[in-house]
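**Student:** For the record, the sequence lines run as chains A and B.
Just so we're aligned, residue 1184 is where the first sequence starts under the working numbering, counting upward by one.
Just so we're aligned, residue 4 is where the second sequence starts under the working numbering, counting upward by one.
Hints are computed from structural coordinates only; laboratory data are not their basis.
Quick caveat, the model's predicted, so the values are computed rather than measured.
Be careful, since some hints might not be right.
To be verified - Straight-line distance between alpha carbons at most 27 Å, and here's what the computed DSSO-like set of lysine-lysine pairs gives:
id, chain 1, residue 1, chain 2, residue 2
1, A, 1348, B, 172
2, A, 1262, B, 200
3, A, 1261, B, 172
4, A, 1330, B, 172
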Amino acid sequence: MEAPAKEQPKEPRKLIVSIGPHVHDTESTAKIMWTVSGALLPATLMSVYYFGMPAILVMLVCLISSMVSEAAVQWMLKKPITITDGSAFLTGLLLAMNLPANVPLYIPAVGSFVAIVITKHLFGGLGFNIFNPALIGRAFVLISFPKLMTTYVEPTMRVMAMDAKTTATPLVLLKEEGMAKLLEVFHTKAALYQDLFLGNRAGSLGETSVIMLLLGAAFLLMKRYITWHVPLPFIATVGILSWLFGGKEGLMTGDAIFHMMSGGLILGAFFMATDYVTGPSVRSAQVLFGISCGALTVLIRLKGGYPEGVMFAILLMNCFAPLLDRGMRSPVFGKAEAKGVKK
Amino acid sequence: MSNDVNYGTIIKNGIFGENPVFRLALSLCPAVAVTSGVKNGFLMGVAVFFVMIMVNGTVSLLRNYINPKVRIPSYMFIIATWVTVTDLVMAAFARDVYKQMGLYIMLIVAFAIVLSRAEMFASKNKLLPSIVDGAAMGMGFLLALVMLGVFREFLGKGSLWGYQILDSKPLLIMILPTGGFFAMGLMMGWLNWIDRKFFGGTGGGGGGH
């Protein structure tokens, strides 16, 4: 450098000007992201227990490619690189949980790229994306590689097993062959429920074990990182509607418990639909958001072309989140009175 | 309007500066619908190219006889005439393609880009500049459709112009409508980036239909 710059103005002290409410807290994006990732840990461990080595590989590829994509795109766009805040980690983890264990390893890489680069950063980065990145990543690979993405394997329960038997998920069985076939495979209804609850069934990595997901969700609810306003109406609506319309013998003969525990419902309702960025933030809007997600899920499961509808339901409702927020915003204090005041 | 028309500028404008698809974002509906393959995109582009030259030429010739109050309906008549000519010619000489694209050929009547060039350029300029403008805009549209077609067909089907190149389908989503929007958005962003980086442009295409 040449001669010292004359009287370099001191770095001005930052005075943050913002509208209320001014709440100071120890929470930060990074803390929330890592905590949510932590809450997924039980389900992650369970999937490794059930699916073994392939599950670990899929997760590693997802996590690494998500974080590399995040760093690369932020470097290219000349933004501060924020891979340590855990949001890319969480996206990668959620994407991995939504993939079958035995997919070729380029699929998680493509999915992570689409999730991080296209869905998140091309829309402006964390906080500006319209759609849930992990779900768009999954939708992209599901539509691009329909065969590979719908070939599920049975849980092997052996770490090094690479030769798992392919099989259909319970929802596919129900859709294509009916309840009788499902009972034939799982023997009794009680056994079916038990396997669903523990996660001993074919499916995407992280969606199978209901009990582990509930454990993580309970932790998040306790920490108040998520509230019941989205997940509960979501799951309840799926239960009620599938009980009403899900049966073959007419109204009110559907199997609500089966529908509530199968597919990606628990994972989607607690970990995806509750995303701060892509969901509504007004409480009543959140309830409506959950109900709509549930209704769309049942519609797709029972009448649509896909056996599972949680992903598409959440993505569709993501579009409506700003509208719901606007429509159900609580009245501004003082405004209602102002209307009546005569000038 | 003026006598000293710069043909170079007109051509550059049609192909790059105001490329109908990537910069003006007009006629996106057919651009997504027909570009699942290079061949369809190319033929659609040729049809539009032809229609635009003829419409711009006709409008320019008649510009002093059309009452400004009824100019838009008059342009529509002229466009519809030339689209009908294109439609019948294609039906007669390219039956296979026509079966797939017949619907979209008729839709050229409603293309915003054709009407907007008639209104913005041909109605104010002499015959030759108008024809050059139509050709440049048509060429810009054609190139855009071919670029999209190459991108989508190669990624979606692993083939080009119907000839199989790869033995797999790398990204099936690209030949579906969803992929059309993906491809369009990515390409638009890429071209804006090039414009800003190398030509000092401000970037940014408008919304259209």
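**Student:** Against this structure, judge whether each hint is valid.
**Tutor:** Cross-check of the supplied hints:
Proposed proximity of residue 1348 of chain A and residue 172 of chain B is supported: the alpha carbons are some 25 Å apart, at most 27 Å. For the suggested pair residue 1262 of chain A and residue 200 of chain B, the alpha carbons sit about 17 Å apart, so the restraint of at most 27 Å is met. Simply put, residue 1261 of chain A and residue 172 of chain B have alpha-carbon atoms about 34 Å apart, too far for the 27 Å limit, and the pair is violated. For the hint linking residue 1330 of chain A to residue 172 of chain B, the alpha-carbon distance of about 12 Å falls within 27 Å, and the restraint holds.
Checked against the numbered hints given earlier, the structure breaks only hint 3 and satisfies all the rest.
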